[in-house]
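Student: The lines below spell out each chain.
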Amino acid sequence: MSTAREQIFSSVRAALTPLPERTPRPVFSKDVAEPKWLAAETDSLALFQKRAEATGTKCFTDMEACASWLRAQAVRVVYIPPPLTRLVALCSEFCEVTSEYSRARVNEIDAAFTPSAGAIAESGSIILSDGSTPDRLAALAPWHHIALVSRAEIHRTIADALAAMPADPNLIWVTGPSKTADVEGILIQGVHGPGAQACLIL
Amino acid sequence: MAEQKVELFARRLDHGIQKAVHSNSAAGTEKRYNVLGTDYSAPDDLRRLAGQIRQHSIEYLDTYLEQAEQSLKRQGAHVHFAVTAEDACRAVSDILKKAGAKKVVKSKSMISEEIYLNDHLGTMGIESVETDLGEYIIQIDGDHPSHIVKPIIHKNRRDIAKSFEREGLGDYNDDPETITRRARVFMRDKYLQADAGITGANFVSAESGRLVLVTNEGNSRFCLAAPKIHIALVGIEKVIPSDADLAVLLNLLGRSATGQQLTVYTEFINGPARTDRPSGPQEMHVIFVDNQRSQILASDCREILRCIRCGACLNVCPVYRQASGHAYRSVYPGPLGAVLSPLLAGKKFKELADLPKASSLCGACNEVCPVDIPIPDLLLRLRNRGHQEHAPSPGTPPMGAFAKLASSPLIWRFAMKSNKVMNLVPLEKLPLPYLQPWLKTRTLPAWRGGEFRSWMKSRHKK
Ligand code: SF4
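Going line by line, the protein sequences match chains A and B. Numbered according to the working numbering, the first sequence spans residues 30 to 231. Numbered according to the working numbering, the second sequence spans residues 73 to 534.
Chain B on its own, in the form it takes in the complex (with noise of 0.2 angstroms):
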């Protein structure tokens, strides 16, 4: 039988690397657990007013979207809309064509994976690095972050001192600190020459306009720092009504990502400098990014839309621990990935089919999200979807026969009761070498089909 390619590469995957994952993995959803626990008393009762807010701000996404773009033009930023990947991508060399930029400065952002802008920035003679360390190291290795949160997770120190000896960073040195203070010291000058400064967007407040960022690192502060032009890349569904939902949000966001109260730097964005406040970028502009989501927002699987990417999911997923990130082939793995991906391939929905069956069904990924989405339920409604599309279906034994058999009353009876010449065959001839292990430890009863429904009538008569 065909194996599910989720499994397949979860059967290939290097030992190491599935070790690293699974440990690391199972870290973060102890370090969350303990955390929710010891601060609250009733942590879900906080996930459902979270889910509540998201998808409240989703499903008003028509009124607060228009009111985040007035409120971000109030306060002196440019507002741009991009319905494809390839729309964002062109509006953001568009604007540095426009201010003559060359060099490029990036804090980690989900969204410029899934519109594949680096690339699209290398091809226009753009330098754009990325400067969150991990990310770094996906870049320079021309790699794929395989967890949300924490892209190299799949990576170990030599690996990523061969990477750093590669690129004359120094010489072969695997202690992480070392590693840690080149980037430093790298990264510095890239922050200074830079004419731009590219971010993403955890949150967009409709009321204030605010844009939320959150690092450990502090690498977005320093991309608003040195640079010019701030450009920030953000995703329709990111807006929420008002900065007080943040109090709600903000306290999950970093407890189930990281097990942290808040991650070290939260940043709230509130337009360009201004002459009383000269310090930031004079040029600010906003991205608003559809690629389908409108088109999700349709669907019966909106309440993805109401994720904030805190990764928890992935951390607590048995298939993901198993196989890791890349064996979700796109760029969001774990049982978000599982939904959200095959949904954003649109019209490419069948080639990501597979994904949503790469799932036991087991519920912890509802269990810990901190916005409550019910993804098992999510995970069927895609399946039946790709049963409908005729996606093609590995792993699925075949069930046609069956279907037929047990959906016509006649040949069922019929079946039922001629199975009893089964009872005549000596099972442990039968040529099927797959049954013989079986049957040496097992007997099997005999075959007494078509006697309830026997049994069923008589009673009615009486």
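Excised from the complex, chain A in its bound form (with noise of 0.2 angstroms):
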């Protein structure tokens, strides 16, 4: 008897046998999905602000001002990986800093920065990995989550991020706070991730 890939495999290939031609692999260039009012946006960094800002991902530039919203927004226990002191002591005015992330306090932890590999200017979107985040579920599990994006790790389309994916297990692109519209079609943002997500550009 023979196995499963084999039996798989064969009829695959008689399937495609018959075929008098197979379509070929259609060649385009690498810019054939940009929007079109892509050309005008000239400024990455303006731009990635802008579409991160339009799908409800908040943009920080400076510490002190992402620091007074996590006050405002009452976090009680924020994680914070070192080496980022100055964070540290701003946030240690109004809550619990923790340097480790323990899965035991995952409930606990309602706010969490965690560096990115990059960010996407064509989307507004994040990019986390394995390779920059510590634990996945940091970036996941609390309800606020900030994003440490380097100026200089911004791709300005799709396209470019995608050929330059490192090789590590997991790569993600965070478009926005979690969310679902399951429920006849209402917009309700974190529901399994965060509810609030941000971004702290450097």
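You may find that some hints are simply not true.
The calculated lysine-lysine pairs, modelled on DSS-like cross-linking and capped at a C-alpha distance of 30 angstroms, are [claimed, not checked]:
no.	chain 1	residue 1	chain 2	residue 2
1	B	K234	B	K91
2	B	K492	B	K529
3	B	K175	B	K262
4	B	K103	A	K59
5	B	K512	B	K492
6	A	K87	B	K103
7	A	K65	A	K87
8	A	K65	A	K79
9	A	K65	B	K103
10	B	K489	B	K501
11	B	K262	B	K174
12	B	K145	A	K59
13	B	K145	B	K169
14	B	K103	A	K79
15	B	K501	B	K512
Derived from the structure by calculation, the hints contain no laboratory data.
Relying on the hints, combine the two individually framed chains into one complex.
Tutor: Below, the structure is given as structure tokens:
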């Protein structure tokens, strides 16, 4: 008896062999799916901010503003990975700061900063990778997530980001807060992941 | 005259459900139209390109599937193959049994619906929790999704509130925000306790071996954050040549499905955890499922395998909007389902052979399809197949006598002439009740059958 693998491959081959010709692989330029408004946007940072805000991601360019937003949100426990000492000082004024993400405290930690692997200007997406995020849960479980985005790592387009994907077991593009419209088509944010998504551009 | 089953279902459908399905679908169609219009001057060119990429992918499936297998193995994933739905279910439970896993969290995947995975896991004593909010509600209600992207489009908040109350998730409360928060709290524990996470895949890149998953809720990410085993169920047709093709496909998928440029989470999975990247599941299994796909590839309807499951054809379809998804009696509803479901049924094709008839062939599905599948053509091919296989055909008027008449010149000629006798019959006296109201306001012209032939003949003589 042949294995499932052999069976599948032989039926696929049997299906394809009689074709008189097969559709060739289309040749297309990398920018073929770029939106028509993209060319007018010359500044990638400004574009990223605009697109991110449009999809519901808050953008901060200085630590003070970001910290006071968290204070206004009445955050209780924030995870800040080292070595962001200035941020630690700012947040310690109004909440507990932890430098270790412990799974035992998943439901207590209600805000987390994690480094990102860059961003995409065209779509306003943040890129997270296992290489940059120590624990996948840290960027996912807290209600507030703030990704640290470095200006130099903002890709202009989706195609650019696809061409530059690091060999990481997991890479995720985050475009706005977690959301659903399952109940009567009404949009609700914060289903499983962060209800408040932000980024701090450094 | 007997009615088509889809039509019958539509007529008996609760008015509230019908209205909800209609307005939600219409809103989806409009969003899609607006975003494509704002972003592209020639969206149809892009759809054709995407169609070509997918057609190429399936016509070279032998090459790409093997390449995908190699790439996945290279990065440390286990690759399995399953010929039938039962094989696929068994492959999943074998992996779970071997690892001693008892609790599973699942992110939405149509192929797991197709193989009835949850039922199978239940009989094996394995707890499997759907984590997508809509799918979870479907699960606790013992229901079936009625849309491939919006599974509970047919339920209202009151239904959901009652289900949550019954399941002990809190007192009756039909506020959508409260419902969502309760699900969040409930799922948290499920994620953290689960031994394994099961997902589907929207695409598999043959060149890189990356599995691509798109969601809005973040549940698939959660399924891959806490559990130690990841099992991905993937239809063999999901393979694409390379990551670069995603620039076209992802840009069309989100816009077509929900009017978003990209869904909130676009996830690329490239193998299990490594020593220097320890966060994710330590074991990764990919199960490639055939379940009739290779037979579809051999048929004259292979174009349906291009489908990227965006749901745009459901939203736009006048029959779907009127009948809702359950009318299609199968996992895949709407125009997509009218083609795919009878094909997936394999030997039981005849049981669903009426679905391709539940269409006016208006062509709207083809116009919105991001991979340009000629759905109306495929429906016609399937109608033809149904005819050849003598599938029952309710709703089609009996044409047997006419066919005999029309295919024999001698009888035809005689009938044309002899029918002149009809001119002498007072029609309003005929005992045909359904004809009488019609005749009250109309008069039939006199029968002139056969005159065209005489005219043609005399013309030739001249
Ligand atoms: S057939 Fe086309 S429009 Fe319908 S779900 Fe599939 S990809 Fe979308």
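Student: Would you check the hint for K145/B and K169/B, treating anything up to 30 angstroms between C-alpha atoms as holding?
Tutor: holds (22 angstroms)
Student: Measure nothing beyond the straight line between the CA atoms of K103/B and K79/A; if it is 30 angstroms or shorter, mark the hint as holding.
Tutor: holds (20 angstroms)
Student: Below or equal to 30 angstroms on CA atoms is what counts here, so check K65/A against K87/A.
Tutor: holds (25 angstroms)
Student: Within a Cα-Cα threshold of 30 angstroms, do K492/B and K529/B meet the stated pairing?
Tutor: holds (20 angstroms)
Student: Are K145/B and K59/A close enough, with their CA atoms no more than 30 angstroms apart?
Tutor: holds (28 angstroms)
Student: When you check the alpha-carbon spacing of K501/B and K512/B, does it fall within 30 angstroms?
Tutor: Distance of about 12 angstroms is within 30 angstroms: holds.
Student: Is the hinted pair K262/B and K174/B satisfied, with a Cα-Cα distance of at most 30 angstroms?
Tutor: Distance of about 12 angstroms is within 30 angstroms: holds.
Student: Please work out if K65/A and K103/B have their alpha carbons no farther apart than 30 angstroms.
Tutor: Holds. K65/A to K103/B sits at ~18 angstroms (cutoff 30 angstroms).
Student: Does the alpha-carbon distance linking K175/B and K262/B stay inside the 30 angstroms limit?
Tutor: holds (8 angstroms)
Student: Given the hint that K489/B pairs with K501/B, does the C-alpha gap stay at or below 30 angstroms?
Tutor: Judged against 30 angstroms, a Cα distance of about 23 angstroms means the pair holds.
Student: Given the hinted pair K234/B and K91/B, is their Cα-Cα distance within 30 angstroms?
Tutor: Answer holds: K234/B to K91/B is near 21 angstroms, not above 30 angstroms.
Student: Is the hinted pair K87/A and K103/B satisfied, with a Cα-Cα distance of at most 30 angstroms?
Tutor: holds (24 angstroms)
Comparing the model with each earlier hint shows no violations; every hint is respected.
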